[in-house]
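Number of protein chains: 4
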Amino acid sequence: MKTENPPDILCQTAKLPWIEFGAGIHYKVLRTSAETGDWTVIFRCAKGSGFPPHYHHGAGEYLMLEGVMDYRAGKAVAGDYGYEPLGVYHESTTFPEDSELLFTNHGPVAFVNPDMSISMILDWKFFAEKQAEHAAGAA
Amino acid sequence: MKTENPPDILCQTAKLPWIEFGAGIHYKVLRTSAETGDWTVIFRCAKGSGFPPHYHHGAGEYLMLEGVMDYRAGKAVAGDYGYEPLGVYHESTTFPEDSELLFTNHGPVAFVNPDMSISMILDWKFFAEKQAEHAAGAA
Amino acid sequence: MKTENPPDILCQTAKLPWIEFGAGIHYKVLRTSAETGDWTVIFRCAKGSGFPPHYHHGAGEYLMLEGVMDYRAGKAVAGDYGYEPLGVYHESTTFPEDSELLFTNHGPVAFVNPDMSISMILDWKFFAEKQAEHAAGAA
Amino acid sequence: MKTENPPDILCQTAKLPWIEFGAGIHYKVLRTSAETGDWTVIFRCAKGSGFPPHYHHGAGEYLMLEGVMDYRAGKAVAGDYGYEPLGVYHESTTFPEDSELLFTNHGPVAFVNPDMSISMILDWKFFAEKQAEHAAGAA
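Chains as they are written, first to last, in the numbering used here: chain A, -15 to 123; chain B, -15 to 123; chain C, -15 to 123; chain D, -15 to 123.
Careful, some of the hints might be misleading.
[Said to hold, decoys possible] Example chain B residues on the side facing chain A (calculated, C-beta under 10 Å, incomplete): (1) P(-9); (2) R15; (3) A18; (4) T88; (5) F95.
[Claimed, not checked] Restraint-style ranges between C-beta atoms, simulated for each label pair: (6) D:V61 x C:D82: 21 to 29 Å; (7) D:D54 x A:T78: 26 to 34 Å; (8) D:G8 x B:M100: 54 to 62 Å; (9) D:G8 x C:W2: 47 to 55 Å; (10) C:S76 x D:I105: 52 to 60 Å; (11) D:D54 x C:K(-1): 43 to 51 Å; (12) B:V61 x A:H118: 21 to 29 Å; (13) C:K31 x D:V61: 26 to 34 Å; (14) B:K(-1) x A:G32: 48 to 56 Å; (15) B:K(-1) x D:I105: 55 to 63 Å; (16) C:E117 x A:A18: 50 to 58 Å; (17) C:D82 x D:A(-2): 18 to 26 Å; (18) B:G58 x C:K31: 56 to 64 Å; (19) D:I3 x A:D54: 40 to 48 Å.
[What the hints assert, rightly or not] EDC-like mimics (lysine to aspartate or glutamate), calculated; alpha carbons at most 16 Å apart, straight line: (20) A:K59 x A:E81; (21) D:K109 x A:D82; (22) A:K59 x A:D82; (23) D:K59 x C:D(-8); (24) C:K109 x B:E(-12); (25) A:K59 x B:E(-12); (26) D:K59 x D:E75; (27) B:K109 x C:E75; (28) D:K114 x D:D(-8).
Worth flagging that the hints you see were computed from the coordinates, not collected in a lab.
Every residue gets a Cβ at the ideal spot worked out from N, C-alpha and C, and that includes glycine.
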């Protein structure tokens, strides 16, 4: 069995670039899966930033690393863990302090317009492509 | 859609008890899934502690929150993220410093004897039962 | 362990109603998961029917039970199994014979317009709601 | 998006070999996933055959294609679908008629001894290796 031991992935996050998401939010890409659609990132959200209304077409999970996230479930502070179930709609997610969180989503997140039509899909592919662009740019 | 918005789970980890795993290792249970077998915990590992040889019957993922984990892939330090693929065998995992890590496993981990027979299965049920016992004890 | 043995689900498909999907296509709902977003159905597709262009926001799997499905990968006949990876786009899927197939999708399928904007999302919730409506109607 | 359309997999099961599992049971391997541990097979079980006691370390799903499977949930006949939840223990599974079923398991199945110790693990790797051996033998 040991001879076929599959490779571990150790991701030294300190060496990863922060990529701009927009309006005070940056991210580092830790992992994306083309098979399951999972994507894991660290979001860094400046005081006063936030995510627009979105719908989870896959469950999400986070661990607050620092700061505060104010959203539907309440105020999550450093050390708090949250599970955002499949199909949940988050109308308002804001960061009243400079914040960082580890975030995994199991599938796509859809940003929606006021009429609930989809304005943008955030999925593993979005993050995989941004990561590849930045790796190419750094070379 | 909002009327059926499924419930978010916000887990205030500071209020959760540390449960003894054995030999310098404690954990807090953040989430377990009876459907998928996923389990997410925070491990607190005292300097000099470690996990015995084990085999992942489901992929694992971690984020080092503090300290150092020395294992097959190298030394993971605070901020590092790791993905431990399905089927990986970890012969030695030690903590040369007091450490904490967020850890999710997608299915069971089997602790194994030198002949690779299974000595103990660590799965969502193990953690769900320990969590329930402690909640009952605290009541 | 036996005392906690979780319940098996045995679904007698012969007793399930065929529900109309539209234009020669009907389905029976075998299972939907609110946690993972998986949905499993049997589609019955009349000769000459077909699915409009769609994009898989989750992988799909099928087993042809009878007939022929003509799609991007070729012609699948009774007994054939297919895996449709996450992110695949299927421009044309037609049934040149009366056909039946078992189909599971791990997440949503999006029917798209010629400009690739989304016209309709087919997910576990769609099927769970239709199933509930028919169960209520039959009562 | 079309230029990156990921490959569909169409598996012509009629061309796949039946591989002997033991004691009247054969199988064809349709798919195995090294990432998730899912494995999908068709089991062909001769009249009077059966599976020994086993424990599901991952949920299972099946569709009876012909014959009868007599197990904990009752008698499943051609056309019936079953969902076997994570952690279910099946003490006796027998086939009173020549039978075939499509079967997917999301992770390992453990065959157990009367004292519930594990005698054998059936996982994606078992099936991937058997499939590779037979493909090599056929070449």
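ask   = Are A:K59 and A:E81 close enough, with their CA atoms no more than 16 Å apart?
value = holds, 11 Å
message = What's the verdict on A:K59 and A:D82, does the C-alpha distance respect the 16 Å limit or exceed it?
response = Cα-Cα ~14 Å, so holds.
Consistency of beta-carbon spacing, A:D54 to D:I3, with hint 40 to 48 Å = violated, 57 Å
key: Straight-line alpha-carbon gap D:K59 to C:D(-8), limit 16 Å   = Distance of about 12 Å is within 16 Å: holds.
request  = With respect to the beta-carbon atoms only, verify the hint that C:D82 and D:A(-2) lie 18 to 26 Å apart.
outcome  = Cβ of C:D82 to Cβ of D:A(-2): about 20 Å, so the range 18 to 26 Å holds.
inquiry  = Tell me if the beta carbons of D:G8 and C:W2 are separated by a distance inside 47 to 55 Å.
reply    = violated, 35 Å
request  = With a cut-off of 10 Å on the beta carbons, see whether B:F95 makes it to chain A.
outcome  = It is violated, given that the least Cβ distance between B:F95 and chain A is near 15 Å, above 10 Å.
ask   = Has the given pair, D:K59 with D:E75, been kept, meaning a C-alpha gap of at most 16 Å?
value = holds, 15 Å
request  = Determine whether the Cβ-Cβ distance between B:K(-1) and A:G32 falls within the hinted range of 48 to 56 Å.
outcome  = violated, 28 Å
query = Given the hinted pair A:K59 and B:E(-12), is their alpha-carbon gap at most 16 Å?
reply = Between A:K59 and B:E(-12) the Cα gap is close to 22 Å, so the pair fails against 16 Å, i.e. violated.
query = Once the shortest beta carbon distance from B:A18 to chain A is found, is it less than 10 Å?
reply = At about 14 Å, which exceeds the 10 Å cut-off, the nearest Cβ of chain A leaves the hint on B:A18 violated.
Range hint compliance [Cβ, D:D54 to A:T78, 26 to 34 Å] = violated, 57 Å
This entry does not satisfy hints 3, 5, 7, 8, 9, 10, 11, 14, 15, 16, 19, 21, 25, 27, 28, going by the numbered hints stated previously.
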